[in-house]
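Given the coordinates of chain Z, assemble chain G onto it according to the supplied hints.
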Amino acid sequence: MKYPVIKGTSYVLIHTPGLLLQQANLEGLPFSHLLTDQLRSFDSVAGYPPNQAFIGNLFPEDLPQIPRPWYNNSLPNAKRQGLLGEIFPEDEFLGLLHAVDVYGLVCLEAGFKLAVSEKLRSHPALSGLNGIATAQDNGCSHAEIQEIIKAGEALPLTFGGRIIGCIRKAHSSDSTLSASRVLENLTAKASAAAALQLLFRKTGLKPQDVDYIIETSEEACGDLRQKGGGSFAKSIAEACSCSNASGADTRAFCAAPVHALMQGAALVQSGIFENVVVVAGGCSAKLGLNAGIHLAHGMPVLEDLLGAFAFHISKDDGINPIVRTDLIGTMKVGCGDSPQQVYSSLVAEPLTRGGYKILDIDRYAAELVNPEIIEPTGCGDLAQKNYKMIASLAVLRREMDRTGIEEQIQRFGVPGFAPNQGHIPSGVPYIGPARDLILRNKVNQVMIIGKGSLFLGKLTRLYDAVSLIIQRNPKQKASVSI
Amino acid sequence: MLKGKKVIIIGDRDGIPAQSLEECVISAGGEVIYAMTHCYV
Chain Z
106 MKYPVIKGTS YVLIHTPGLL LQQANLEGLP FSHLLTDQLR SFDSVAGYPP
156 NQAFIGNLFP EDLPQIPRPW YNNSLPNAKR QGLLGEIFPE DEFLGLLHAV
206 DVYGLVCLEA GFKLAVSEKL RSHPALSGLN GIATAQDNGC SHAEIQEIIK
256 AGEALPLTFG GRIIGCIRKA HSSDSTLSAS RVLENLTAKA SAAAALQLLF
306 RKTGLKPQDV DYIIETSEEA CGDLRQKGGG SFAKSIAEAC SCSNASGADT
356 RAFCAAPVHA LMQGAALVQS GIFENVVVVA GGCSAKLGLN AGIHLAHGMP
406 VLEDLLGAFA FHISKDDGIN PIVRTDLIGT MKVGCGDSPQ QVYSSLVAEP
456 LTRGGYKILD IDRYAAELVN PEIIEPTGCG DLAQKNYKMI ASLAVLRREM
506 DRTGIEEQIQ RFGVPGFAPN QGHIPSGVPY IGPARDLILR NKVNQVMIIG
556 KGSLFLGKLT RLYDAVSLII QRNPKQKASV SI
Chain G
-1 MLKGKKVIII GDRDGIPAQS LEECVISAGG EVIYAMTHCY V
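Heads up: the protein sequence lines correspond to chains Z and G, in order.
The numbering of the first sequence is my numbering, which starts it at 106 and goes up by one.
The numbering of the second sequence is my numbering, which starts it at -1 and goes up by one.
Since the hints were made in silico from the structure, they are not lab data.
Note that CB positions come from ideal geometry on N, CA and C, so glycine has one too.
Just so you know, not all the hints are guaranteed correct.
Some, not all, of what chain G presents toward chain Z, calculated at C-beta under 8 Å [unchecked claim]:
# : residue
1 : I14
2 : T35
3 : Y38
Take a look, some chain Z residues computed to stay more than 12 Å from chain G by CB distance [as the list claims (entries may be wrong)]:
#  : residue
4  : I171
5  : A256
6  : N395
7  : A401
8  : G441
9  : R502
10 : N525
11 : Q526
12 : R545
13 : L567
14 : D569
15 : V585
Taking lysine to any residue pairs in the SDA-like style, the calculated list, with each CA pair at most 20 Å apart, reads [as the list claims (entries may be wrong)]:
#  : chain 1 : residue 1 : chain 2 : residue 2
16 : Z       : K490      : G       : S18
17 : Z       : K563      : G       : I8
18 : Z       : K493      : G       : A33
19 : Z       : K563      : G       : I7
20 : Z       : K563      : G       : S25
21 : Z       : K563      : G       : I14
22 : Z       : K563      : G       : G27
23 : Z       : K490      : G       : Q17
24 : Z       : K490      : G       : I24
25 : Z       : K563      : G       : D10
26 : Z       : K493      : G       : G13
27 : Z       : K493      : G       : C37
28 : Z       : K490      : G       : G13
29 : Z       : K580      : Z       : Y108
30 : Z       : K490      : G       : D10
31 : Z       : K563      : G       : G2
Chain G on its own, in the form it takes in the complex:
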């Protein structure tokens, strides 16, 4: 599904952080062009 796609990742410290999402995207063949974890507090 993500093969050849460019992906922007906004992670959530109290949800799923960016690095974990990044690993999933890469393993599914996507290209991560931006990944950042956000903090809302």
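Isolated chain Z (complex conformation):
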């Protein structure tokens, strides 16, 4: 069987303390006034070890060797650029937001706009983005921006604590097109566009060679009569000059990226398309999600980052790792939600189908949220909890002795390192490191697991999960550097 391959990946983090404060204000959080003192600087964010792992300057497996708290142990000489991705500051993000807005809803102050446009035009990956390469409006005056905000027509956009622009509502009465909704949706679009531009830069894939884009965020764009109509995918394709591409959005809460990888792989393997991109931008509504808890623990507010990614799936090139489309694991409706049943269906069943045992997998990557962000809530290290279930299943299936659980978890469990951005940490942040390690013959096969909390939508009490295996290409002879 000819399997499709993961031909390239890109990862983006965007430091958005201004957007975080905006979100806290929108939610009317009682501690909003305390947040400013606990916000991190861009340098602190860039040097934060999990962020360096996210952009590929550090393997996630190396994180446990760095003493915690990681926010007190910044890596010296950390760079914003990494092997797999890049960290962007908020001014560049606001410029991106303006660049991807095709309805004139984002207004930036003239001086700020000029300065940030200059920065974006000189960025090797972003300079090609529509709206940056071509000149747009000249910007607004500070007085004009203040007037629009005062009239209740727009929300402020800030940088460094100063209002430098605003985002307008897109309809006078339709709440699905309110300024806060437009901000959420343009944020997802802008950050996804940055990830796709970075993918082009890192892989050499040309925009005009992209056939299909699957977008997998958790946002909904539409209007009153079709609230989640979409399509983020085509809007991102348009922004990134993918003139020959079509696309659509896939939604399954945090499990969507793995569903989309499966769908993209199927489209390539079937011959329908040759080059498929799976992409997702960040979620502004999740900024500062646990800020109150972080404040109570005397910690910096760590949920100050948007995440985004893009993956290129293409036909077998004899080099890149393959996606085992015949070994997809799902959580079927009838399987119930007891952990034993879920992991049997998700992990053991596809492995058995392929003639593998649980311990044959070199790495499992499930819910990769950075534990330092989430542990203060009292819910523990979610990645480790998933690996304990997998190891326990191996014991139940008599594939190992229970005394080996800790050792096996340390061997196969990828530590959490991703920002708390819902769909972003759901297994897929490890695809980049996995591809690197597989190409360098360090690892043979990895299982990526995505889980989604469907019950949040109140249509079902179920949750969802899907797994897929990425494996060394059997035709790959020598070690390859990415």
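Okay, now just chain G, sitting in the frame of chain Z:
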């Protein structure tokens, strides 16, 4: 132990979800008055 008791269940998607806990409580004779699975990410 749970016979005749009213029980509130907070489940964890990455631990034990509410529906599984609910089945255990009911089989032990408890009355579930609230059950919800939570997601922390």
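Here is what the structure says about each hint:
Evaluation of the I14(G) hint against chain Z yields a held restraint, the C-beta minimum of about 7 Å falling below 8 Å. The interface hint given for T35(G) holds, since its Cβ lies 5 Å from the closest Cβ of chain Z, which is under the 8 Å cut-off. With a least beta-carbon distance of about 4 Å to chain Z, the hint placing Y38(G) at the interface is held under the 8 Å criterion. No beta-carbon of chain G is positioned within 12 Å of the beta-carbon of I171(Z); the least distance is around 22 Å.
Every beta carbon of chain G lies more than 12 Å from that of A256(Z), the smallest distance being close to 37 Å; the non-interface claim holds. Against the 12 Å criterion, N395(Z) falls within the reach of chain G, whose nearest CB is about 8 Å from its own CB. Annotated as non-interface, A401(Z) keeps its C-beta farther than 12 Å from every C-beta of chain G; the closest such distance is 16 Å. For G441(Z), the shortest C-beta to C-beta distance to chain G comes to about 7 Å, within the 12 Å cut-off, and the non-interface label is violated.
Separation of R502(Z) from chain G is adequate, the least Cβ-Cβ distance of about 20 Å exceeding the 12 Å criterion. Distance check for N525(Z) against chain G: the nearest CB is about 6 Å away, which does not clear 12 Å, and the non-interface claim fails. With 12 Å as the threshold on Cβ separation, the claim that Q526(Z) sits away from chain G is violated: the shortest Cβ distance comes to roughly 8 Å. With a least beta-carbon separation of about 30 Å from chain G, R545(Z) lies farther than 12 Å from that chain, consistent with its non-interface assignment.
Listed as outside the interface, L567(Z) is inconsistent with that label: its C-beta sits roughly 8 Å from the nearest C-beta of chain G, within the 12 Å cut-off. A cut-off of 12 Å between C-beta atoms contradicts the statement that D569(Z) is not in contact with chain G; the least separation is 10 Å. Even its closest Cβ contact with chain G, about 34 Å, leaves V585(Z) beyond 12 Å, as expected for a residue assigned away from the interface. The straight-line distance between the Cα atoms of K490(Z) and S18(G) is roughly 17 Å, inside the 20 Å bound, and the hint therefore holds.
A distance of roughly 16 Å separates the Cα atoms of K563(Z) and I8(G); the hinted pair therefore holds under the 20 Å criterion. Straight-line distance between C-alpha atoms of K493(Z) and A33(G) comes to about 24 Å, which puts the hinted pair past the 20 Å bound. Restraint check: the Cα-Cα separation between K563(Z) and I7(G) comes to about 17 Å, which is no more than 20 Å; the hinted pair holds. This hinted pair does not check out: K563(Z) and S25(G) have alpha carbons roughly 26 Å apart, beyond 20 Å.
For the given pair, K563(Z) sits about 19 Å from I14(G) by alpha-carbon distance, which is consistent with the 20 Å threshold. For the hint linking K563(Z) to G27(G), the alpha-carbon distance of about 27 Å lies beyond 20 Å, and the restraint is violated. Annotation: proposed proximity of K490(Z) to Q17(G) holds, straight-line Cα distance about 18 Å (limit 20 Å). With a C-alpha separation of about 26 Å, the suggested pair K490(Z) and I24(G) falls outside the 20 Å cut-off, and the hint is violated.
With a C-alpha separation of about 16 Å, the suggested pair K563(Z) and D10(G) falls inside the 20 Å cut-off, and the hint holds. With a CA separation close to 10 Å, the supplied pair K493(Z) and G13(G) stays within the 20 Å bound. For the suggested pair K493(Z) and C37(G), the alpha carbons sit about 18 Å apart, so the restraint of at most 20 Å is met. At most 20 Å may separate the alpha-carbon atoms for a hinted pair to count; K490(Z) and G13(G) meet this at roughly 7 Å.
A threshold of 20 Å between alpha carbons decides the hint, and for K580(Z) with Y108(Z) the separation of about 11 Å falls inside it, so the pair holds. Among the hinted pairs, K490(Z) with D10(G) is consistent with the structure: their alpha-carbon atoms are about 11 Å apart, no more than 20 Å. For the proposed pair K563(Z) and G2(G), the alpha carbon gap of about 29 Å is over 20 Å, so the pair is violated.
Comparing the model with each earlier hint shows violations of hints 6, 8, 10, 11, 13, 14, 18, 20, 22, 24 and 31; every other hint is respected.
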